[in-house]
Amino acid sequence: MFKKNFRQDNATAYTMLLPILVLLTVFVVIPFVYAIRVSFYNWSFYQDSTFVGFRNFYLVLTDRLFGKSVWIGIKFALMVVPTTLILAFLFANVVKNISPKLSGFVKTSIYIPTIISGIVASVIFVFIYDYTGGLANYVLGLFGQEPKAWLAEVGSALPSIAAPAVWLGFGLTALIMLAGLHDIPESYYEAADLEGAGAFQKMWYITIPLMRNVILYLLVTGFTAQISQYELSLVMTNGGPLNETTTPNLYIFLHFRNDVMVGNSIAASLLLFVVLGGISAIIFRVLNSEKAVDG
Amino acid sequence: MRNRGLLTRAVLAVVGAAVAVVALFPLLWVVIAGFKGKTEVLATPFKFFPKQWLVENYTDILGDPLFRKTMLVTFGGAILFAVLALFVNASAAYVFARLEFRFKRILWVYVIMTMFIPGMAILLTSFIVVNKLGMLDTLAVLVLPGVASAGSMFFIRQFYLNIPLALEEAALIDGAGRFRIFTGIFVPMSFPVFVIVGIGAYLGYWNSFVWPTMTITNPNLFQIMQYLYNFRSERSSEMGMLMAGSALAAAPTLVLFLVFQKYIISGIKISGLK
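For the protein sequence lines, the chains are H and G, in the order given. When the letters of the first sequence are read in order and numbered with numbering that gives the first Met the number 0, they come out as residues 0 to 294. When the letters of the second sequence are read in order and numbered with numbering that gives the first Met the number 0, they come out as residues 0 to 273.
Think of the hints as simulated: they come from the structure by calculation, not from any bench. Values in this document were obtained by computation on a predicted structure and should not be read as measured data. Mixed in with the good hints there might be a few duds.
As the list claims (entries may be wrong) - Straight-line Cα separation of at most 20 Å, EDC-like style, residue types lysine to aspartate or glutamate; simulated pairs: (1) LYS46/G <-> GLU145/H; (2) LYS50/G <-> GLU39/G; (3) LYS261/G <-> GLU185/H; (4) LYS68/G <-> ASP136/G; (5) LYS68/G <-> GLU233/G; (6) LYS103/G <-> ASP47/H; (7) LYS106/H <-> ASP182/H; (8) LYS95/H <-> ASP8/H; (9) LYS37/G <-> ASP59/G; (10) LYS131/G <-> ASP47/H; (11) LYS37/G <-> GLU233/G; (12) LYS74/H <-> ASP62/H.
Construct the complete structure from the given sequences, taking the supplied hints into account.
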């Protein structure tokens with residue numbers, strides 16, 4: 000792979016790697032090792048810590064609220080990811096077939112929400128869901144429905160937070176899908192046209208099979224990203240009503256903020272790490288092995 | 000080759016444009032709500048446009064010295080952050096892409112491994128570390144912890160792997176050092192990838208909220224998202240101003256994006272599947 004490099008460049012290499020190694024060690028690796036240690040201790044800001052073995056993990060795994068938060072995280076991801084993917088897929092097919100001038104404008108517009116912060120998005124959507132003067136209830140009113148307390152009702156709170164998540168994630172997903180669509184050779188469709196295939200058949204037999212990897216990638220990364228979401232519920236509902244919007248990360252974050260004992264929350268975050276970190280490590284391996292060359 | 004009817008094309012164009020408008024709608028609404036009177040933002044029935052276009056909300060929030068300062072400090076921090084991130088991650092990317100040295104494999108695994116540690120797992124212990132280092136309430140605590148990023152490094156390295164070896168061979172034969180080759184050949188060629196990584200870093204800094212709220216209590220170093228969040232809880236009746244502030248907080252990012260959109264949108268292609 001590096002045949003051309005006939006000499007070793009130890010000194011230069013170490014000098015140029017020094018910044019990244021120091022920074023990662025101080026701000027990622029040490030906190031991580033420290034977190035592992037703390038998870039085995041009865042640790043708090045105010046007293047000496049004592050070793051408690053796996054007790055923190057036991058406490059977390061038997062905490063009903065943690066179990067619930069994991070379930071909420073899964074529900075949230077199941078609301079956001081398939082919706083985003085289906086909308087983005089359909090939309091990418093639309094954009095591919097419109098004139099380049101218009102598609103430039105469309106691509107820019109749908110990408111803009113992606114650069115908006117979760118905080119600004121939350122502020123916007125809290126106003127949209129406002130009981131008396133919000134857009135959502137105005138639209139309900141047009142259909143003759145009673146107004147709804149979107150963020151305060153158990154049934155509607157989580158879907159109401161899923162909507163801005165879809166809004167924030169839609170643009171990038173659609174553009175990645177579009178890039179995938181452009182990679183499918185046009186000749187496949189031409190051949191299908193000659194055989195007299197309809198639009199639906201072309202999508203089912205050509206587009207979807209060839210997009211399988213892109214879709215799979217978006218599905219998995221989308222799922223890990225959405226299950227880790229917590230800024231939206233932190234700002235919009237603070238986890239309520241009745242913890243219905245407390246995602247796993249929000250559960251952990253609220254514990255950091257309110258508890259004296261932090262061993263539990265750290266144990267919880269490490270458990271999550273094992274699952275989510277494991278998933279992303281697998282994706283990375285798969286992608287890196289196939290795509291490294293033309294990546 | 001495709002014999003699409005004119006009608007189909009027209010329908011697709013309309014659908015495309017409609018989705019674009021829907022995607023932009025919440026943002027447009029904020030900008031416009033910023034021109035509304037105090038009680039008008041959430042007036043019933045819902046109205047998109049204000050009865051009267053008032054500029055007070057915008058002038059009031061811009062008149063708040065803390066808001067101006069926060070915007071400036073956050074902007075400066077974000078630029079510094081992006082520049083440092085490019086420097087640190089690009090030099091590492093170059094080393095891993097081109098140089099041979101001892102322990103390369105181990106160091107590579109060490110760096111890449113950090114990509115899979117979720118932020119939440121180290122949020123609290125990072126706080127303890129920066130506290131022990133005496134970094135609380137300094138610019139350093141906002142900037143330094145996120146600068147090194149295995150993900151950005153990896154992304155830049157992928158780009159460097161595709162630069163033909165022939166380009167640097169002549170320079171090597173002429174006896175140019177590896178560092179010279181990096182600054183003289185690689186950096187100038189990196190513009191498209193630097194735009195993507197740099198804007199990504201800028202966005203991450205500008206939009207960050209949780210970390211600043213944990214580490215910054217000195218108003219002189221407040222970050223913009225922190226300001227908006229505090230504004231929302233402390234001055235909740237000033238809705239028009241909050242809308243104006245949110246719109247202004249999104250503005251620098253938007254300008255940056257529109258300037259570089261060509262690179263960002265084509266970058267989605269460079270990254271291929273990723």
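For each hint, the structure was consulted:
Of the supplied pair hints, the one linking LYS46/G and GLU145/H holds, its CA atoms being roughly 18 Å apart against a limit of 20 Å. Taking the CA atoms of LYS50/G and GLU39/G, the gap is about 8 Å. The hint holds against a cut of 20 Å. Distance restraint check for LYS261/G and GLU185/H: the Cα-Cα separation of roughly 24 Å exceeds the 20 Å cut-off, and the hinted pair is therefore not satisfied. Proximity of LYS68/G to ASP136/G is assessed by CA-CA distance (about 16 Å); at most 20 Å being required, the pair is judged to hold.
Using a Cα cut-off of 20 Å, the hinted pair LYS68/G and GLU233/G holds, with the two alpha carbons roughly 18 Å apart. Restraint check: the Cα-Cα separation between LYS103/G and ASP47/H comes to about 41 Å, which exceeds 20 Å; the hinted pair is violated. Distance restraint check for LYS106/H and ASP182/H: the Cα-Cα separation of roughly 17 Å lies within the 20 Å cut-off, and the hinted pair is therefore satisfied. Proximity of LYS95/H to ASP8/H is assessed by CA-CA distance (about 47 Å); at most 20 Å being required, the pair is judged violated.
Among the hinted pairs, LYS37/G with ASP59/G is consistent with the structure: their alpha-carbon atoms are about 12 Å apart, no more than 20 Å. Between LYS131/G and ASP47/H, the direct Cα distance comes to roughly 17 Å. Compliance with the 20 Å bound is thereby established for this hinted pair. Annotation: proposed proximity of LYS37/G to GLU233/G holds, straight-line Cα distance about 16 Å (limit 20 Å). Using a Cα cut-off of 20 Å, the hinted pair LYS74/H and ASP62/H holds, with the two alpha carbons roughly 19 Å apart.
Violated hints for the displayed structure, listed by number in ascending order: 3, 6 and 8.
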